[in-house]
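Trainee: Next come the chains, spelled out residue by residue.
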Amino acid sequence: MRRILFTIIGLLFISMQLLAQNRTITGKVTDEKGAGIPNASVTVKGNPNIGTTTNSEGNFSLSVPANAQSLLVSSIGLGEKEIALTSSSTYNVTLSTKAQDLQEVVVVAYGQQKKADITGSVSTVKAADVENRPFTSVDKILQGQVAGLQSVAASGAPGANQQIRIRGVSSITAGNEPLWIVDGVAVSSGDASRLTTTANLLSTLNPNDIESITVLKDAASASIYGSRAANGVILVTTKKGRAGKTRFKFDAEVGQSDRAYTNDKYLPLNAAEYIAITREGLQNRGDSPTAIESTLTALGANNGTDFNWYDAIQKKGRQQQYNLSASGGNDRTTFYTSGGYFTQEGAIINTSLDRYNGALRVTNRATDKLNLNVNINGGFVRQRTPLAGGAFGNPILSTLFLLPTRSAYNTDGTYNFSLGGLHNVIALTDMDIRRLKGLSLRGSVAADYKIIDNLVFKTQYGMDFNDLEEDQYNNPFHGDGASSTGRAFSYYTRLSNWTWSNTLSYARDLLSNGDLKGNITVGYEAAEEKNYSSSLQSQNFPPTLLLTWPSVGATPITAAASQVGSTFNSALSLASLNYRDKYIVSGSFRRDASSRFSPTNRYANFWSLGLSWNVDREDFLQSIDAISQLKLRASYGTNGNAGIGNYSYYQLYGYGFNYNQSPGSAPTNVGNPNLTWETNKPLNVGLDFGILKNRLNLSADWYKRKTEDLLLNVELSRTSGFSNQLRNIGSMENTGVEVQLNAQPVLSKSFSWNLNFNFATNKNKITSLPNGADIISGSFILRQGQSINSFYLREYAGVDPANGDPLWYTNGAGSATTNDWSKALRIIPGTSLPKQFGGLTNTFNFMGVTLDAQLVYSFGNLIQDPWAGYYTGAGFGATFNKVRRVLDRWQKPGDVTDVPKYVYGGNKSFQNGSTFYTVEGDYIRLRNLQLGYQLPQSINNKLKISNAFFYVRGTNLWTWVKDDNLPFDPEQGIVSQSNLDVFIPKTITFGVNLGF
Amino acid sequence: MKRFNLKFLAAGVALVGMASCSKNLDKFPASNIELSQSFQTVKDAKTWNNGLYSNLKGRVYGVYTITTDVQGDQLNASLDFGNRNGAPHRWDFTSDDYSIRDTWFGYYTGITNTNIQINGFEKITPASTEVAELNRYKGDAYLARAYYYHQLIQLWAKPYEPATAATDPGVPLVLTYDINNWPARASVKAVYDQILSDIAKAKDLLSTVAGAQGSSRFTKDAVLALEARVRLNMKDWTGAKAAADAVIATGTYPLISSQTEYTDYWAKDGKKESIFQIAASVTELPNTNSIYLGLIPSTGRFTPDFIPSQWVVDKYDATDIRKSAYFAQKNLTIQGQSYSNIWLVNKYPGNPALWTGATTNYANAPKVLRIAEQYLISAEAGARSGNAAAEADALIKLNQLRVARGLTPLVALTGTALFNAVKDERFRELAFEGFRLLDLKRWHEGMQRHDPQNTAILTPGPNYYTLTKPADDPKFVWGLPTNDMTINKNLEQNPGW
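Quick note, the sequences are listed as chains A and B, same order. Going by this note's numbering, 584 is the number at position 582 of the first sequence; the sequence numbering is gapless. Going by this note's numbering, 237 is the number at position 230 of the second sequence; the sequence numbering is gapless.
If you're looking for bench data, these hints aren't it; they were derived computationally from the structure. Any given hint could be a false lead.
Calculated Cβ distances over 12 Å to all of chain B for the following chain A residues [what the hints assert, rightly or not]: (1) Ala-130; (2) Tyr-268; (3) Arg-489; (4) Gly-666.
Below, computed lysine to aspartate or glutamate pairings styled on EDC-like, alpha-carbon distance capped at 20 Å [claimed, not checked]: (5) B:Lys-34 <-> A:Glu-530; (6) B:Lys-34 <-> A:Glu-213; (7) A:Lys-910 <-> B:Asp-99; (8) B:Lys-430 <-> B:Glu-452.
Partial list, computed: chain B residues near chain A (C-beta under 7 Å) [as the list claims (entries may be wrong)]: (9) Ile-40; (10) Ser-194; (11) Ala-197.
Ideal Cβ positions, reconstructed from N, Cα and C, are used throughout, including at glycine.
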C-alpha cells in the first residue's frame with residue numbers, strides 16, 4: 003500500500019515538472035477577522051481544471067498558466083471573489099463575512115438555507131472539527147461542540163455506543179435518541195448488537211468523510227421530520243468533489259491510549275492488605291482464633307502469592323488511522339472518493355476495533371436542467387468487547403473481585419483455574435471468542451430537475467444497510483462455557499432502511515421590487531425499515547480450543563430467525579416569506595402515517611411556525627458600526643416520538659409456546675388500539691448578536707418543550723392475565739438556556755487567539771403520571787414535579803462512632819438515624835442528568851504553530867456505583883477482594899469515618915443501596931489538546947505539495963472531578979450508573995495531514 | 008400566471024394524494040398473529056391447545072412447588088442458601104413477596120389463556136370429522152382452568168368448610184377475558200362450584216379419551232384424579248373416594264414396588280404411576296425444583312439451599328423404597344468447609360436425557376397427577392367418612408401403597424389411628440411435591456420445625472430450624488399480592504397481611 007502511494011506521489015511530481023511554462027501563485031485566504039479559511043477553492047477563471055484548495059491555515063499555492071487573467075476564490079458560506087492577477091506572485095484574499103454573512107448557506111432539512119432565512123435553532127459543526135480524531139464514531143466527536151447536545155459515553159470500549167440527548171430527556175418509554183439523517187436519508191443509529199456488550203452502528207461511518215453536521219434543535223428546524231423529530235435531528239453531509247484539478251489528501255495518525263481517570267481509593271488491595279482486613283473482619287464477627295486461621299488459609303494467607311489483577315488486565319492500547327481521498331472534476335461532473343483504515347485498542351485486554359472504509363460520490367450536470375447525484379459510503383468494522391457488569395467474564399470486575407492471593411498462572415506457567423469460582427479473564431482472552439463484524443452501506447441516487455426557473459423537482463431514493471455478524475465461543479474447560487461443556491453462538495442481524503422522497507420547490511418574488519420573496523416546498527416521502535435476525539446456539543463441544551463454531555456443538559439449543567419492520571408514509575411542506583432580509587416567517591407541515599399505530603389512529607399532523615427579525619438590517623442600526631449582527635428568533639410547533647415497538651398496538655397471539663415438539667401459541671401482547679405518538683411541543687426564543695466586525699459573536703436561546711401523551715405502562719389487575727398496558731398518559735417538560743460564544747481576543751498577522759464557548763442548562767420536570775402515582779424502578783423514581791432520572795435512595799448518615807455501625811436517616815430532616823437499613827427513609831438526593839454542560843475551545847495560532855485546547859464540562863448530576871457494595875461494603879462478599887477505601891473503616895470507639903466497621907460477611911446491610919454509593923458527578927475534562935505545525939508555503943512549494951501539517955494530539959489528558967470518592971470515570975451514560983465498564987481512555991497521537 | 012398556479016396546485020395535490028396510498032402501512036409481526044385472526048379452524052385450536060400445555064408446563068414445579076415446601080416443616084435453610092426463598096421460609100414474607108406475586112400472576116395468566124380458548128373455540132365450526140378433536144381441546148381447557156382455580160383457592164383462601172364456604176372469601180372468579188375488569192373475590196364455595204362445573208364439562212368432553220401411563224395430555228382418568236383431589240379438599244368424602252377408586256380401578260397405573268424402578272421413576276422420568284405427566288425435552292425444559300442439591304461440577308460436592316430435617320429422613324424405614332429414591336447422602340461444601348454424608352433431597356436429581364450440559368440441570372418431567380395420591384385420597388376419604396365399610400377399604404388402600412413401597416401392612420386400624428396412619432403415609436409419599444403445607448392447613452395442624460441435621464451447616468436464628476407456627480397462624484393463607492390490592496379497590500386482603 004505504502005509503496006503504491008509513493009509511486010503515485012512520484013508520478014504526480016513528474017507530471018508537475020512538465021508544466022514548465024507556468025508560474026506559481028501563492029497566497030492566503032482569510033475571513034475578515036484575519037483567520038485563515040481552510041478548504042477554500044482557488045481556481046483559474048475560465049479553466050476550473052486548474053485549481054487547488056487552501057490548507058488548514060488558509061494558505062494556497064497554485065501553478066497557473068502564464069496567460070491566466072484572474073483567480074476565483076470561494077468558500078462554502080462565504081461566497082466567491084474574483085482576483086485579477088498582476089505581476090505579483092502573492093495574493094492575500096479576504097472573503098468578507100460582513101458582506102456575505104447573510105448569504106452563508108447551511109444544510110437544513112430537505113435542502114439548504116441561507117443563514118438569514120433561518121428562524122429556528124440550528125448548530126453546525128464543520129469538517130475540521132470532526133476529522134482525524136481518535137474516536138470510533140462521530141457521535142463521540144460531538145461531545146462539547148454543540149450547545150444543548152449532551153453526548154455521553156458509558157463504556158470506553160472501542161466501538162462502544164454513545165448516548166446523545168438534545169435538550170434533555172423527553173420520553174420515559176419511547177426512544178430518546180435523535181434522528182440521524184445522512185445525506186438526506188434517515189439511517190439506523192445506536193446499538194443493534196445482540197451478543198456484544200456494546201456496539202454502535204455509527205462506528206462504520208468514517209468521520210473523515212463528513213463535510214458538515216447540522217443539529218436541529220427546535221420546532222422550526224426539526225418539525226418537518228414529524229413523528230421522528232421529538233429528540234432533535236442530526237444532519238450529516240458527506241464530502242463532495244469540486245471542479246478543478248484533482249486534489250489528494252492523505253492523513254495519518256498513530257498513538258496509544260491509557261486509562262483516563264483513576265481513583266487510588268478504588269484500586270484493589272494487595273495480598274497482605276486483604277488478609278489483614280479479612281482477619282479483622284473475622285475477629286469482628288466473633289470467630290474463634292482457630293476458625294479465623296482456617297478461613298484465612300483457605301483464602302490463601304501466607305501462600306506467597308501476591309498477584310496484581312489490575313495491572314494484568316491493563317494494557318497500552320494502540321491507535322492508528324490512515325485516510326486517503328481524492329476529489330475533483332470538471333464543470334459538468336465532480337467526484338469525491340476516499341478510503342480509510344482505522345484501528346484502536348482499548349486500555350484493557352480483549353478490546354479492539356478495526357474499520358475499513360470507502361466512499362464515492364459523483365455528481366453530474368446532465369443538462370442545464372437536470373442534475374444527477376450518486377453516492378455510496380461503506381464501512382466494515384471488526385470489534386472485540388469483553389463482558390461488563392456483574393459477569394464473571396468481565397475483566398474490570400475480576401480486578402476488583404479476584405483475590406491477590408490467587409495468581410492467573412500456575413507455577414508451571416499454565417493458567418490457574420482455581421479462583422474461588424470466579425473466572426480467569428486473562429485465560430479467557432485466549433480461550434474464548436467474542437467478536438462482532440459489522441458492515442454498513444449508506445447511499446442514495448438522486449436527481450433534480452428544473453421544470454422552469456425557480457421550480458425544481460427533486461427525487462431521492464436512499465438506503466441504509468447494516469449487517470452484523472456476532473460470534474461467541476465459550477470454551478468447555480473454564481469460564482462461562484464450562485457448565486455446558488462449551489458453547490457457541492452465531493447471531494446475524496440485518497437492519498435495512500429505505501427512504502424515497504420527492505419534493506417540488508418553488509421560489510419567487512412576490513413583490514415586483516424584490517422586497518418580498520417567498521418559497522415553498524411540498525413533498526411526499528415513504529420509508530420502510532426492516533430488521534432481520536437469525537440466532538444459532540449449540541453446546542457440548544469437544545475438548546479442544548480449535549473448534550469454535552456452533553456446527554461443532556453436539557446439542558443444538560437455539561435455531562431461530564425472524565423479521566420485524568415498520569413503514570412510514572408522509573406528506574410534507576415547507577414555506578417561508580422573506581421581507582428585505584429583515585423579517586422572515588417560516589412554516590412547516592407534515593402528515594405522517596406509520597404502521598406502528600392502529601388504522602384508527604394511524605395519521606397525525608405536525609407543524610411549526612418560525613419568525614425572525616434581522617434587526618441589524620434596519621436602517622437605525624446600519625449606522626452603528628460596532629454591531630455587525632443582531633437577530634431575534636422565535637419558533638413554536640409540534641413533533642412526535644414514534645420510538646415505540648413495531649407491533650405494540652396489536653392484541654397478539656404468539657407462537658413458540660410449543661408442547662411435545664408441536665407448535666403452540668398463547669396470548670402475548672395485551673395491545674391497545676388507541677396508542678399514538680408522544681407529542682412534543684417545543685417553544686424557542688433566540689438571539690444572535692455580533693459586534694466589532696463579528697470579533698465577538700453570541701448566540702443565545704431559551705426553550706421550553708412540553709411532551710404530552712407519554713407512553714407509560716398502566717397497571718392492570720393481574721387477574722386479567724396481563725400486568726400492564728401501554729397507554730398514552732403522562733407528560734413532562736424540559737426548559738433550558740443555551741449560549742454559544744465566539745470571540746477573537748487577539749488578532750494580528752503573526753498571532754491569533756480564537757475562543758469558542760458553549761453553555762447549556764436543562765431542567766426536566768414530570769408534570770403528570772397515571773393517577774399521579776410514583777413509579778419506582780430500581781434506584782430511580784418517577785414522581786410528578788420531579789425530574790426524570792431522579793435517584794431514590796436511602797440516605798446514609800455515616801458511621802456510629804461508638805460501635806462502627808452504619809447509620810441511615812429515618813426522616814427527611816436528616817436528624818433521626820437507624821442502623822436498620824430497611825427502616826431508613828428513601829429520598830431523592832438528585833438526578834443522573836447534569837444541570838449544566840458544555841465546552842470551551844481555545845485556539846492559538848502563531849507563525850504556523852497552532853495550539854488547540856478543548857475543555858468539556860458537565861455539572862450537577864449524581865453518579866451511582868451499584869456494584870460497590872461488593873468491594874466497599876464493610877465485609878460483604880468477604881471472599882472477594884476489596885478496594886483501598888475500606889482501609890478507612892471504623893476500628894475502635896471514637897473513630898470518626900464514613901466507612902463502617904469491617905465485619906466478615908457484611909455489617910448491617912451496609913452493602914445495600916444508599917446515598918453512600920452516590921457521588922457528585924461534576925467534572926471538567928481536557929477533551930482535546932493539539933499542538934500543530936503548518937509547513938510554510940515556501941517549503942511546500944519546494945516539495946511540490948499544497949499542504950503539510952504535523953501535530954501531536956492528546957485526548958482526555960486531564961480530568962478534574964469534584965468528588966474525591968468518584969470510583970470510576972465521570973462519564974457513565976445518561977443513567978449515571980457505573981457498570982464496571984471498559985475504562986474510558988486517554989489517548990496521545992501523532993499525525994500528519996498532506997495535501998497535493 | 009393563473010394557468011401556472013393551477014398546475015402547481017395540481018402537482019401538490021398529487022403529491023399529497025400519494026400519502027393516502029396506505030396499504031403498505033399494515034405490518035404484521037413475524038411470530039405472532041392478531042388475536043382476532045386466531046380462531047378460525049380446528050388447526051388453530053390445536054396450536055392453542057399446545058399453548059395450553061406449554062403454559063401448564065410453566066406453572067408446575069419451580070416456584071409453584073417450592074414455595075409452600077420451604078414454608079413447611081420438612082426443610083431447613085443451609086448457610087449458603089443466599090436468602091433464596093428466605094422470606095416464606097421464615098414466615099416473614101409480605102404480600103409483595105415475588106413468589107406470591109409470580110404464583111398468583113402465573114395461575115391467572117394460565118386462566119386467561121383457558122378463558123380465551125373456551126370462548127374462542129365456540130367460534131370454530133368443525134367438520135364432522137373434527138368434532139371429537141375440538142371437543143378434546145375444549146375439555147382440556149376446562150380441566151386446566153379447574154386445576155388453576157384449585158391451586159389458587161388452596162393458597163389464597165381458608166380451607167373449604169361446608170358451613171362457612173359460602174361466606175369465606177375465595178379468589179376473584181374470572182371467566183372471560185377483559186382487561187377492564189376489576190373483580191372482587193368470589194366466595195370459597197363459588198370458586199369450588201366453578202371448579203366442579205369445569206370438571207363436569209371436562210368429564211363429558213374427554214369421556215372418550217382413554218387414560219395411559221405417563222399421558223402428556225389430559226385423559227378421562229386425569230379428570231377423575233383432579234376431581235378426587237378437589238372433593239377431598241371439599242371434605243366430600245364419598246365423592247373423593249368414588250373418583251379416586253375409579254382411577255385405581257382402571258388398573259392402568261400399577262404401583263411400583265421395585266427399588267430400581269421406583270428410583271428411576273423419579274430420576275429418569277418413568278411413566279408407570281403417572282396419570283398425567285408433563286412432556287419435557289431438551290428444547291422444552293420444565294421448571295426445576297433446584298433448591299435441594301447445588302452440585303459444584305468442578306469438585307463433585309454439593310452446596311444446597313435447603314436440607315431436610317433429620318426427623319423427616321427418619322420417618323422412612325430402611326426397607327422403604329422411597330427413602331433412597333427421595334434422599335441421598337452427599338458430601339457438602341458449606342461456607343468453604345467440607346461436610347460428609349449429609350442427607351439431601353434427591354427426588355429431582357435431573358434426568359440425564361434432559362441435560363443440556365455435562366452436568367445436571369435438575370430438569371425432571373413434572374408428575375402432576377400420580378396414582379399413589381389417589382390411593383391416599385381414597386384412604387383419607389374412607390378413614391374420615393365415618394362409614395365402616397369405607398374405613399375398612401381405607402385400610403386396604405393404605406396397605407396396598409405401604410406394601411408396594413416395602414413396608415409391612417398395618418392391621419386393625421380405625422378412626423383417628425387410621426387417619427393418623429394415612430397422614431404419615433401422605434407425609435412420606437408426597438414429600439417435596441408441594442402438598443405438605445396445604446395438608447397441614449386443611450388438617451388444621453400447626454407447623455413445627457425440629458430435630459435438624461448438623462446445625463453447623465444451617466442458617467441459625469429463631470425463624471429457621473426451630474420455627475413453630477400455630478394452626479391458626481394467618482400466614483397459612485397467603486396474602487393477595489400488594490400490586491393487585493393497590494390497583495383493584497374491589498379486593499379485600501386476608502387477615503394478617
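Trainee: Would you mind marking each hint as holding or not holding in the structure?
Mentor: Okay, the hints, checked on the actual structure:
no. : hint                    : verdict
1   : Ala-130                 : 39 Å, holds
2   : Tyr-268                 : 26 Å, holds
3   : Arg-489                 : 8 Å, violated
4   : Gly-666                 : 3 Å, violated
5   : B:Lys-34 <-> A:Glu-530  : 11 Å, holds
6   : B:Lys-34 <-> A:Glu-213  : 37 Å, violated
7   : A:Lys-910 <-> B:Asp-99  : 18 Å, holds
8   : B:Lys-430 <-> B:Glu-452 : 11 Å, holds
9   : Ile-40                  : 6 Å, holds
10  : Ser-194                 : 16 Å, violated
11  : Ala-197                 : 15 Å, violated
Consistency note: the structure conflicts with the earlier hints numbered 3, 4, 6, 10, 11.
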